[in-house]
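Enquirer: Sequence:
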Amino acid sequence: FSVSLGHEARIAIVPGVQAFNLVVVHGEFGTGSQITARGAPGTFEKPALPGRNLTLRLQSLNAEQLSIDARGGAGSPG
Numbered sequence: 002f003s004v005s006l007g008h009e010a011r012i013a014i015v016p017g018v019q020a021f022n023l024v025v026v027h028g029e030f031g032t033g034s035q036i037t038a039r040g041a042p043g044t045f046e047k048p049a050l051p052g053r054n055l056t057l058r059l060q061s062l063n064a065e066q067l068s069i070d071a072r073g074g075a076g077s078p079g
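In the numbering used here, the protein residues as written are 2 to 79.
Because the hints were derived from the structure by calculation, they are not lab data.
It is possible that some hints are incorrect.
[Said to hold, decoys possible] Simulated restraints, written as ranges between beta carbons of each label pair:
no., residue 1, residue 2, range
1, Asp70, Val26, 19 to 25 Å
2, Glu29, Ala75, 31 to 37 Å
3, Leu67, Gly17, 31 to 37 Å
Glycine included, C-beta positions come from ideal geometry on N, C-alpha and C.
Start from the sequences and build out the full structure, keeping to the hints where you can.
Expert: Structural data, given as structure tokens:
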């Protein structure tokens, strides 16, 4: 399918155990747009959670820059 992201737009994928697959036949990404799949931060009661396994297939993309943030969650406070 087609994806069009404007200036500073974001696709945010929430943490979870099920993998996330995104297939884009044609994409237009504006300046500063990004895809994020970060993990959840930890607290005193629970540990940080990893981000989802992310599979991304872009067949055709028009963008100055592609930014993908798939870091795990930050640990609990010290």
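Enquirer: Take the hints in turn and mark each one as holding or not.
Expert: Quick rundown of the hints versus the structure:
Checked against the given bound of 19 to 25 Å, the beta carbons of aspartate 70 and valine 26, roughly 23 Å apart, stay inside it. Here the CB-CB span from glutamate 29 to alanine 75 is close to 32 Å, well matched to the stated 31 to 37 Å. For leucine 67 and glycine 17, the hinted distance range of 31 to 37 Å is not satisfied, since their beta carbons lie about 23 Å from each other.
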